[in-house]
Amino acid sequence: MGALFRINKNATLPGALNSGALVLGAEAIGVMTNNHQFLLDEALNTVPRVFGLCDREPASRTHGCCDRAYWHYRQTDFANARFQESGLLFAHAFVDTSPGNQFSGKPRLLDWIEAVWSFWLDRRSRDGTVAEAYPNERSFCATAFTAAGFIQTVLLLREARDWTRSLGRVRTTMQWLAKHQNPEVPNQMAGAYLALAGYHALVGSAESQTWAQQKRDAIVALADDDGIFNEYGGFDSGYQSLTMSTLASAHDITGEDEDIAAILDRANATMRDRLTTDKGFEPAANSRQTQYLYPSGLIGDDAFVPETVIPEIERGATLRPSWMDDRYCIALATDYFRAAQRLQELAGTG
Amino acid sequence: MLMTTSKLIVLRLFNATFGRFAVMNEGLRWILVRLLIKGRSKRKAYNASARFFDIRELD
Numbered sequence: 002m003g004a005l006f007r008i009n010k011n012a013t014l015p016g017a018l019n020s021g022a023l024v025l026g027a028e029a030i031g032v033m034t035n036n037h038q039f040l041l042d043e044a045l046n047t048v049p050r051v052f053g054l055c056d057r058e059p060a061s062r063t064h065g066c067c068d069r070a071y072w073h074y075r076q077t078d079f080a081n082a083r084f085q086e087s088g089l090l091f092a093h094a095f096v097d098t099s100p101g102n103q104f105s106g107k108p109r110l111l112d113w114i115e116a117v118w119s120f121w122l123d124r125r126s127r128d129g130t131v132a133e134a135y136p137n138e139r140s141f142c143a144t145a146f147t148a149a150g151f152i153q154t155v156l157l158l159r160e161a162r163d164w165t166r167s168l169g170r171v172r173t174t175m176q177w178l179a180k181h182q183n184p185e186v187p188n189q190m191a192g193a194y195l196a197l198a199g200y201h202a203l204v205g206s207a208e209s210q211t212w213a214q215q216k217r218d219a220i221v222a223l224a225d226d227d228g229i230f231n232e233y234g235g236f237d238s239g240y241q242s243l244t245m246s247t248l249a250s251a252h253d254i255t256g257e258d259e260d261i262a263a264i265l266d267r268a269n270a271t272m273r274d275r276l277t278t279d280k281g282f283e284p285a286a287n288s289r290q291t292q293y294l295y296p297s298g299l300i301g302d303d304a305f306v307p308e309t310v311i312p313e314i315e316r317g318a319t320l321r322p323s324w325m326d327d328r329y330c331i332a333l334a335t336d337y338f339r340a341a342q343r344l345q346e347l348a349g350t351g
Numbered sequence: 329m330l331m332t333t334s335k336l337i338v339l340r341l342f343n344a345t346f347g348r349f350a351v352m353n354e355g356l357r358w359i360l361v362r363l364l365i366k367g368r369s370k371r372k373a374y375n376a377s378a379r380f381f382d383i384r385e386l387d
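Here the protein sequences come in this chain order: L and H. If you're matching positions, the first sequence starts at 2 in my numbering and goes up one per residue. If you're matching positions, the second sequence starts at 329 in my numbering and goes up one per residue.
Don't read these hints as lab results, they were simulated from the structure. A few of these clues could be false.
Stated by the list, open to error - What follows is a set of in silico ranges between Cβ atoms, one per label pair, in the way DEER data are often shown: (1) H:347 <-> L:70: 19 to 25 angstroms; (2) L:184 <-> H:339: 38 to 44 angstroms; (3) L:163 <-> H:379: 49 to 55 angstroms.
Stated by the list, open to error - Sample of chain H residues lacking proximity to chain L, with all beta carbon distances greater than 10 angstroms (derived): (4) 331; (5) 332; (6) 344; (7) 346; (8) 347; (9) 354; (10) 355; (11) 360; (12) 362; (13) 366; (14) 367; (15) 381; (16) 383; (17) 386.
Ideal Cβ placement from N, Cα and C applies to all residues, glycine included.
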């Protein structure tokens, strides 16, 4: 598979828009600005709840752990690594400069973010993997998405803190992700690709380029002609949106990649055809009956997200982060931050 | 004291054997309360606080 793997040296924000010039009408800009605020409010309202999940006491042996059932209630004998993705959510809250964001630029928040990722780095297995459901699990899913969260945090905050030592320690995780595959679950493969692409953007070594390139080729091969990634043998709009969001974030880091851009274009066209108010937002229509939708990867230069997707979310057709009572609210709120940022940038380019 | 795999297994074994009898359960509870709560120094004593987020922590 031919590849155009090129690192965007100016990439700072995983959610930043790299799609070139866009021309938008004044009406579309107004809609995007209004809906950007809805997504931002949802994300910001989730942040304090996630703070409560994390051990913020520096003297604690579990400082930085975000699995409250482990560090506080002591109901489990290992920490679920997926909770550590809180570090990326906090990083978005830290860098967001919107009026009314009371977490923006707070030094204490920066300390917590560092503690979250230190805990994650410390609790990995010797081969760099992490556990989600049982000790020594070596979970591909948890390793991929937490590693992607760590890398995106470093990209967001590389000017605010020195991450050199942490990047040296995370190499084993990247090596493991490069060697292992889970083609039955494309969203996890996309997570691994995002981690490896971001890692290469940060360290720029020959091995990191090879790892990212190989994972990129693997994920490209999983897409069908419509840009759809089947989850457990069928179409699932929730997981498709997660895969698209993850690939779009990777694409923002790597810069031009014609194959990934083409997949995202085809997938967006398919999603616009399938996600209509009369037939597309029902969980029962999804292969895994997924109830959520990650909006950031669906945003294009049209009004589909502002005028169709977000009103459906507001109507209650899909889950919001503030409705979720488990760890998945963390990643969804993070995507709401990304989507709000993209909509704001689109409105700004008009 | 954090839960570990070995502690969890020992506790489960106790539950499945001696723990079937109320008097043994009460006896273990009596021991653990003195060992982990009353017997510890003030600084290390268990504090049943919720430890949820307080906006003043950011100041």
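Each hint tested on the structure:
no.: 1; hint: H:347 <-> L:70: 19 to 25 angstroms; result: holds, 22 angstroms
no.: 2; hint: L:184 <-> H:339: 38 to 44 angstroms; result: holds, 40 angstroms
no.: 3; hint: L:163 <-> H:379: 49 to 55 angstroms; result: violated, 29 angstroms
no.: 4; hint: 331; result: violated, 4 angstroms
no.: 5; hint: 332; result: violated, 5 angstroms
no.: 6; hint: 344; result: holds, 17 angstroms
no.: 7; hint: 346; result: holds, 21 angstroms
no.: 8; hint: 347; result: holds, 18 angstroms
no.: 9; hint: 354; result: holds, 21 angstroms
no.: 10; hint: 355; result: holds, 21 angstroms
no.: 11; hint: 360; result: holds, 13 angstroms
no.: 12; hint: 362; result: holds, 19 angstroms
no.: 13; hint: 366; result: holds, 18 angstroms
no.: 14; hint: 367; result: holds, 18 angstroms
no.: 15; hint: 381; result: violated, 4 angstroms
no.: 16; hint: 383; result: violated, 7 angstroms
no.: 17; hint: 386; result: violated, 5 angstroms
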